[in-house]
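*Asks:* Going line by line, the protein sequences match chains Z and F.
The letter at position 98 of the first sequence is residue 98 when you use this note's numbering, and the numbering goes up by one with no holes.
The letter at position 426 of the second sequence is residue 426 when you use this note's numbering, and the numbering goes up by one with no holes.
Derived pair list, reagent style SDA-like, types lysine to any residue, alpha-carbon separation capped at 25 Å:
id	chain 1	residue 1	chain 2	residue 2
1	F	K83	Z	V67
2	F	K418	Z	F112
3	F	K418	Z	Q110
4	F	K248	Z	R183
5	F	K103	Z	F298
6	F	K103	Z	Q92
7	F	K246	Z	G175
8	F	K418	Z	T187
9	F	K103	Z	G297
10	F	K83	Z	A73
11	F	K83	Z	G297
12	F	K246	Z	L181
13	F	K107	Z	T91
14	F	K181	Z	T187
Facing chain F, a subset of chain Z residues (Cβ under 8 Å, in silico):
id	residue
15	G88
16	N193
17	I299
18	D302
Simulated from the structure, these hints should not be mistaken for lab results.
Fair warning: this is a prediction, and the values are worked out from it, not measured in the lab.
Just so you know, even glycine gets a beta-carbon here, dropped at the ideal spot from N, CA and C.
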Amino acid sequence: MRSSSAGTTSCASSSAPTTSPRLSGVGPPAKERATRRPASLVHKRVVFRNRGLPYLLVAPQMIITLVFFIWPAGQMLVQSVLLQDAFGLSTQFVWFENFTRLFADPYYIQTFRVTVIFSGATAGLALGAGLLFAVMADRVVRGAVGYKTLLMTPYAIAPVVSGVLWLFMFDPTVGVVAHGLRRIGYTWNHQLNGSQALMLVILAAAWKQISYNFLFFLAGLQAIPKAVIEAAAIDGAGPGRRFWRIVFPLLSPTTFFLVVVNLVYAFFDTFGIIYTVTGGGPAKATETLVYRVFNDGFIGLDFGGSAAQSAVLMAIVIGLTVIQFRYIERRVVY
Amino acid sequence: MTRSGRWFTLAALIAVGLAVGAGRAEAVVEIQWWHAMDGALEEWVKDLADGFNKSQSEYHVNAIYKGNYTEVMTGAIAAFRAKQQPHIVQVIEVGTGTMMAAKGAVKPVYELMADANEKFDPKAYLPAVTGYYTTPDGRMLSFPLNSSTPVLYYNKDAFKKAGLDPNKPPKTWPEMGEYGKKLQAAGYPCGFSSQWQQWILLENYSAWHNVPIATKQNGFAGFDTELQLNTPIHVRIIDQLAQWQKTKLFDYGGRKGDANPKFATGECGMFLGSSASYAGFVKAAQGKFEFGIGMMPYWPDVAGAPQNSIIGGASLWVLSGHKPEEYKGVARFFTYLSSPEVQAASHQRTGYLPITLAAYELTKKQGFYEKNPGTDTSIRQINNKPPTDNSKGLRLGNYAQIRDVMDEELEAVWAGKKTAKEGLDAIVKRGNDLLRQFERTNH
Numbered sequence: 001m002r003s004s005s006a007g008t009t010s011c012a013s014s015s016a017p018t019t020s021p022r023l024s025g026v027g028p029p030a031k032e033r034a035t036r037r038p039a040s041l042v043h044k045r046v047v048f049r050n051r052g053l054p055y056l057l058v059a060p061q062m063i064i065t066l067v068f069f070i071w072p073a074g075q076m077l078v079q080s081v082l083l084q085d086a087f088g089l090s091t092q093f094v095w096f097e098n099f100t101r102l103f104a105d106p107y108y109i110q111t112f113r114v115t116v117i118f119s120g121a122t123a124g125l126a127l128g129a130g131l132l133f134a135v136m137a138d139r140v141v142r143g144a145v146g147y148k149t150l151l152m153t154p155y156a157i158a159p160v161v162s163g164v165l166w167l168f169m170f171d172p173t174v175g176v177v178a179h180g181l182r183r184i185g186y187t188w189n190h191q192l193n194g195s196q197a198l199m200l201v202i203l204a205a206a207w208k209q210i211s212y213n214f215l216f217f218l219a220g221l222q223a224i225p226k227a228v229i230e231a232a233a234i235d236g237a238g239p240g241r242r243f244w245r246i247v248f249p250l251l252s253p254t255t256f257f258l259v260v261v262n263l264v265y266a267f268f269d270t271f272g273i274i275y276t277v278t279g280g281g282p283a284k285a286t287e288t289l290v291y292r293v294f295n296d297g298f299i300g301l302d303f304g305g306s307a308a309q310s311a312v313l314m315a316i317v318i319g320l321t322v323i324q325f326r327y328i329e330r331r332v333v334y
Numbered sequence: 001m002t003r004s005g006r007w008f009t010l011a012a013l014i015a016v017g018l019a020v021g022a023g024r025a026e027a028v029v030e031i032q033w034w035h036a037m038d039g040a041l042e043e044w045v046k047d048l049a050d051g052f053n054k055s056q057s058e059y060h061v062n063a064i065y066k067g068n069y070t071e072v073m074t075g076a077i078a079a080f081r082a083k084q085q086p087h088i089v090q091v092i093e094v095g096t097g098t099m100m101a102a103k104g105a106v107k108p109v110y111e112l113m114a115d116a117n118e119k120f121d122p123k124a125y126l127p128a129v130t131g132y133y134t135t136p137d138g139r140m141l142s143f144p145l146n147s148s149t150p151v152l153y154y155n156k157d158a159f160k161k162a163g164l165d166p167n168k169p170p171k172t173w174p175e176m177g178e179y180g181k182k183l184q185a186a187g188y189p190c191g192f193s194s195q196w197q198q199w200i201l202l203e204n205y206s207a208w209h210n211v212p213i214a215t216k217q218n219g220f221a222g223f224d225t226e227l228q229l230n231t232p233i234h235v236r237i238i239d240q241l242a243q244w245q246k247t248k249l250f251d252y253g254g255r256k257g258d259a260n261p262k263f264a265t266g267e268c269g270m271f272l273g274s275s276a277s278y279a280g281f282v283k284a285a286q287g288k289f290e291f292g293i294g295m296m297p298y299w300p301d302v303a304g305a306p307q308n309s310i311i312g313g314a315s316l317w318v319l320s321g322h323k324p325e326e327y328k329g330v331a332r333f334f335t336y337l338s339s340p341e342v343q344a345a346s347h348q349r350t351g352y353l354p355i356t357l358a359a360y361e362l363t364k365k366q367g368f369y370e371k372n373p374g375t376d377t378s379i380r381q382i383n384n385k386p387p388t389d390n391s392k393g394l395r396l397g398n399y400a401q402i403r404d405v406m407d408e409e410l411e412a413v414w415a416g417k418k419t420a421k422e423g424l425d426a427i428v429k430r431g432n433d434l435l436r437q438f439e440r441t442n443h
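Looking at chain F on its own, in the form it has when it is part of the complex (with noise of 0.2 Å):
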């Protein structure tokens, strides 16, 4: 063969192989979904794509894992800008303001759901999870993926050492302090301590005392929403904690997960962390300790006190400018994602909420919570009583930035350089220029 004929073969093979290809996408109607699920959690998503895939032949989800949040966001945002954007993108909580705004950028779910036709009855959904992603008159804007909210993990063993009830964990923030006290007499270098110091300490407080994180209805209702979060109410738990970290009755971890094993390690007797950190527990304690479950401590004098929770993780959100055929298979993938099946499943698997009262009716009904104490709590808290204004969630824009602030702030009241007011009248001060911003460029 001469070489210009072996070229030819080459050139040739390669078309075919196009033509194939080609072929095969006209059949299926492909649609990205990116996400940033990683380990064991990119293995769930893995599934839920693989079960739909499997479950009808028209449509096809491709899974891609695009790096942590911020950057499957910034991806996304880039990718948008270029006109490359996939169908579907996985979004975190604090990124919800910043993609309602951007009114052409996205589909909402409501309306993706109508216009394929699909049968969705927003009221099968657990109010608690999908009040964050719904607009004030209840349409649904993303499509909530993993939901989780905080709970108490306290150390069973180190209760029992220090003369504790190892089946009651404290209820109250006095109680926290007493609790506290005594675990650290009994030999453990500090009380307790917290991860996601916003979500947990400010917002889900907020929720949990039923006072507002910002006017507005905590900006629902309007981009000209002001931080509440330098009330007395809000110094009062920042100036206890403050002073607790002088003596490491609180101790701060870091930020985000990072505090995560000051109680894996068994340092800390107790924790506030999210309920889907109870996998790593488990795996982390195994062996050393057992851990059980409680509810958000609150302050007893405080009227209203405890309401209900909310929730953090992240929600599907579809892009828009893509074609109707693309948008009737996302449809598809979403009724199949709300399934009680799949969504019982998904549940016990990774310890996020259910998003639907069948999942969580099935999931009683399989026996799941019997064997397995405590997981129910995230459910009960965030179920304690029905929503008001100030706990259905938040809708702040450039929230992400605010969210930096507050944890740059809350560090320097923890390092005993500002007290707690101070701190908190920083983050409203410099919060509500962020908001300001973020009101003049969306409108």
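Isolated chain Z (complex conformation) (with noise of 0.2 Å):
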């Protein structure tokens, strides 16, 4: 609704060009708003004839939402402070005793790091490697095409896929990689090695997520004035300096886009990697907060524990999404 807003609804009347539009960095970036702007300036009220119209018109949006988003949610919650057996034959009320089982396990806590880590990690190199290649791939006048059509084709990879191709390159017995990492006399065994098996679950995500990186990085940095970029030139700023002072920070709505969706991946779409990859070993060395759902839910068949987790995981993702928007936004110049 919001993107669509130009000039036609109300709720245009609320952001005045001057104060930064909330929420709206996650639309595409840039190029759009510039056409928003006199739109907004115009303030018109639009108001329906039949009351009960516009109540028509969301009702479809409402009820995707409440069948899928609402419903299952309340379901989660409710199971969450129930005590049942795996076929649900016998159903006990137990209070807030999942969640204090949850917090008394050491196991628990150890995820959350792992979770911490592993999301920094994986956002962090794929956020680097895709800007990296945008900006190379930016510079390529022959061959662009090609250069790019690579580039992206990682994305077009299932996670579980990917978890394969990359477990089959570092399988200490008969990987490649792990192969040529024991002639120059590195032991690769993420099998038993917590910190290989970390890194080896992070290598696979990240590579999966650069190809989407460097499309928006690249669309990004082709929406930059080229104007602007030699005016700094012809004031003396070196390639470095142009970057950091010029490109850097007017990439930062596509940046802080990326790194929203990033984090977002890193929590929740990885499952299948770590799932093919390492089965959350050894010794929960890459289990993450997703992952210990799944296992507990559908291995354990322990629904009480696992729905008390999903609850962490909503309040965890709320507390993120107002972090992001409420605080790093307020650093991104449009």
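Take the two lone chains, each set in its own frame, and fit them into one complex as the hints suggest.
*Replies:* Given below as structure tokens:
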């Protein structure tokens, strides 16, 4: 609704051009906003003649939200205060016992730590590499299409397949990379070494996301007016200075958007990779919060405990979203 | 033809089709069987269903692949909660405790057979196999479809290279160490490895040495059971393996069957693995090396060892909430599966254990074991001595999670982060928490 608001509904009235529009970092950045600004100045109010019509129009969205989001989330909250056997034949109401059990478990705290390291490293690596490749690709003149296409292909690969690919390369017994590492005197055994296992899943998860970041960074780079950079060059700024003083700040809406997307990706969408590569092991070294929800719920059939973990996850996501849009977005230059 | 006329014709065709379909369903009772067998084993399962369907005309068994063991079990549970459950579901052995406790959800096999007036003699089955799925007073709860037991595979070519007798596999743990060292001296990077460490190095190790895995007859006699895996005899083996891990005399190769390549590629000269891995190793080793099969090693100074090994694999559970005539079909199907011919053929085809004495005798008579030396090791091992309370199997709730705990803690021991005693203590403590939780939800 936000991005389609260009001048027709009343919602544009609050977002005067001086205040930075909240949440809009998620939409396509930079270019579109430029076209929106004059429109929001028009300040036009449209009133529906039929009072029921607006409700009818938002109904599909509301129904979808209710059925697919609110209802399951509610079910999850209910489940989190129950203790049930696998078949649901006996149910007890246990207040917050599932939660106290969870936080008394030292392994759950470790899972938190793993998740923070994993998500931070994955997002950082994917963003850094994506930006680097985008800056490089932006300079390529000949064969640019082929180069870009190659860089984008990993995004089309399913997480599970990507996991298996990396697993094959790094398998301690038959993997090519593991074999090469052994040649140079480094023992690679992610089945036993927790840090190596964590490194492997981070690599596999980041690799998949680089293409996506690359695509958006490249679009962002191409939207930066050449004149600004040329002006800086005339003023005597070297390539490094031009990048950090001009390009990087102008890219900040894209970067912000990608930070949000990448963190969400690392948090929630990397399950398939962890599942295929390490299964959370060795000794829980690669078990993230989401993986544990799956493991306790679907392997262990502990639905109460799993639901309690989902509730914790939900709280984390709400917290993260608030922090991201309240504090980080303030530093973004549009 | 007008447009509406065309639609009418189409609707009529569909109606006729539905009527025909319904007519067929009335004549034949359909039985849904969810299983977890893929690849070559899926064909085996299909052949079992086809064989039964051709043997009579009243019932029709549909064998449906529903993913791996975990997916089949969670799928069946979800289906039960939604009242859409299949008649038969194949459940991995660790799910036995969960299935057994779900009294309203399953129909025990002994009851099924009695209700259907099918001839059923529990004594015809191998006690070492069915014991796992039987109550302490001898009533069979689920039907053992595929059972295996761990054996010792060894690379005969590697043995020759190391100056060892290729027809004499090590029998004891000290010999394992000795042979492993010789293999390493001959250039092999690793002495031996193992798959399914919880099942082989903890559960079967306990049974083989006739010591309990848990109190209350390994959980058979009640839910108020506690793990007993941190006794000196358990610490002894885990500590020994942790020592050997340092020099790769023993080399951990990952969870479940992930370690298989370590033997198949010739990296490790010896390997503790399921008897059902036989077919896979035959294929992998073809043209590369010859291998033999021995029994699991034991400590010679432990009184009573070796006792008998316990099984792994899966059994068929019948879910409640179906019509009597459908249960009759399920009972008929189980009778078909128990016949010596079907059993013997399955045993020879898959490497799983035969579940009846008659099938074992028939296989022997057909000369199968002579043609394929070593394939009877598994049967001799589970029948080594009459099963005791310690070697009948185990029945623990939340066991899938407890097995995860075992994997995690053992990995910490192999990595040198914990001592054997610390790791086993943690298994007992965390495992007992899960057992208490199970006890609370099932009473």
